[in-house]
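Number of protein chains: 2
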Amino acid sequence: MNVLVIGAAGMVGRKLVERIAAEDGVLGGSIDHLWLVDVVTPPVPSALEGVATAAAMDLSAPDSAAKIAGLRADLIIHLAAIVSGEAEADFEKGYRINLDGTRALFEAIRLEGQKEPYCPRLVFASSVAVFGAPFPEQIGDEFFTTPLTSYGTQKAISELLLSDYSRRGFFEGIGIRLPTICIRPGTPNKAASGFFSNILREPLAGQEAVLPVDENVRHWFASPRSAVGFFIHAAQLDLSNVGPRRNLTMPGLSALIGEEIEALRRVAGEKAVKLIRRERDPVIAGIVAGWPTNFDAARAAALGFKAETSFDEIIRIHIDDELGGKV
Amino acid sequence: MNVLVIGAAGMVGRKLVERIAAEDGVLGGSIDHLWLVDVVTPPVPSALEGVATAAAMDLSAPDSAAKIAGLRADLIIHLAAIVSGEAEADFEKGYRINLDGTRALFEAIRLEGQKEPYCPRLVFASSVAVFGAPFPEQIGDEFFTTPLTSYGTQKAISELLLSDYSRRGFFEGIGIRLPTICIRPGTPNKAASGFFSNILREPLAGQEAVLPVDENVRHWFASPRSAVGFFIHAAQLDLSNVGPRRNLTMPGLSALIGEEIEALRRVAGEKAVKLIRRERDPVIAGIVAGWPTNFDAARAAALGFKAETSFDEIIRIHIDDELGGKV
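For the record, the sequence lines run as chains A and B. Counting in this note's numbering, the first sequence runs from 2 upward without gaps. Counting in this note's numbering, the second sequence runs from 2 upward without gaps.
Please note that the accuracy of each hint is not assured.
Where chains are identical, the list cannot tell them apart; a pair therefore holds if satisfied intra-copy or between any two copies.
Stated by the list, open to error - Below 35 Å or equal to it, Euclidean Cα-Cα: the simulated DSBU-like pairs (lysine-lysine) are:
#	residue 1	residue 2
1	K116	K307
2	K327	K94
3	K68	K94
4	K327	K68
5	K116	K94
6	K307	K272
7	K272	K116
By construction, these hints were calculated from the structure, which means they are not laboratory data. Just so you know, these numbers come straight off a predicted model, no measurement behind them.
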């Protein structure tokens, strides 16, 4: 099978490609060719040399989408986006990348299919940012999408396009609403959600981290490993069990910041917890107050998507995958 | 105040303009200028001569939106769209008119505001077609939008843009999800919902009409007079009571086809009912089966929007407004 990953240089994209490199047949068949695309040239794991081609490309630039669709990949995983903070700060860039780029891809696939029949599986990375407060205690699968950010709006619009293009038979689309990924490895990005990871990752590495909100803030989490698992599962899902409602809230863990910290204490001890410095930031606290805190992701669970059920597990995955198994 | 009506040659647009002509101050102030725009030149009621200007313009053509936004109207009512049947038959035209045209308008207003501060009230005609089956018995205000047509998708996307542009302060948007308008005057259009009106309008005029579905089909209705009332109410609504969720399902009447026919019998007698010819059309029956049947439009009702509560009332409004008060 031929596979195309758009946004392959991002955190989840890189981990997905590493998993494909490490586990032959993980996508349900052996890979004939793997194309990796992003605004910067994505890294190619050594195990994929000769099989993978990496290229730098801006999906929203003229002809980019047509070139990508012209590859006629069997499976397209579309993770490319600018993050919420940047999409809020730069209105035009957010719409250009997150909406126009995605729509250009969908249109290019449709037009490619007019030349010669073509109907790839397309897995799209959406986000729980499609929801906006106020929320019920648990957000069910039929709750409406009233985003309170331009990023969430762009994702919600892309979801609607994905469903309509799928219904029309232009591709087999499935949208994956990611929880906040925790623990994000590496350095902070522009996302306002960064502290959820920082307060674990930095103390685990012996560094101080700032907590800008109260401990009673509740949020919705999954590990990077689960995120990769969602895309792999979606790539092979029997869509006859999904029907026309193609966008699924992924399972996750609903937890308080306080529970995050308790798990850190259990896994890494009091010394790690003491590295968290409380410094309230009313701007970040205000943004976070508009975010969803808890879901009943019943449909995704019934379709076999899986995530962590405790913060201890989320921390141990980080220790295994990023710290060589040792704190 | 300066007012712009886009889609002023359509059925609801014309009736709205007639009401503005007949009732001075109905929009909350006297009209300095009224611009009427549509793909064909809209009619100007004689009472508005000297006040109204009519022009033919395609919103999706280059520069059209910029010209319209350059008028700097205080109130913009945007009703322009191609109907569901046409948007389903012609994928590209539907997206061009119903999505790109609307987005071009929103963008042009935003850019106009960058030249000199500008934040008009913008009332947008959406539709219950944003919803797709299966449905709960009554669709509440927080039910998700999973349209089963390209038309519904285009409306749902426009709603998301309207909310985000409003949140950003580019205009004061409010989206009005219209029920099926009944009784539509005049001749059938390409909408698959035409028969809901035909089976009343034609018999009231002594003509035969075809009923292509069963009598136990339930649907959601409001009169043209109510539709006009929704736009007039939305134009003056205190948006501080609305908050960021700017798209409202309008109140309506949930009724069976059988109840429609019983009302016809009460108002116009057995002779009229006998003009309904039952001729099942499985294609239309299939389309209608995917449509919503009943809503709890609590938010709109609490905000003062009003519709009919019986089919007798809907029929009498048609007799008053279209037939000079006589059957």
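How the hints compare with the structure:
1. K116 x K307: Classified as neither: same-chain Cα gap 38 Å, cross-chain 50 Å, threshold 35 Å.
2. K327 x K94: Cα proximity of K327 and K94: none, with 41 Å in one copy and 59 Å across.
3. K68 x K94: both (22 Å within a copy, 24 Å between copies)
4. K327 x K68: Neither. Shortest intra-copy (44 Å) and inter-copy (64 Å) distances fail the 35 Å Cα cut-off.
5. K116 x K94: Result: close both inside a copy and across copies, 31 Å intra and 20 Å inter.
6. K307 x K272: Within one copy, since 32 Å is at most 35 Å while 63 Å is not.
7. K272 x K116: neither (63 Å within a copy, 56 Å between copies)
In this structure, the hints that do not hold are numbers 1, 2, 4, 7, in rising order.
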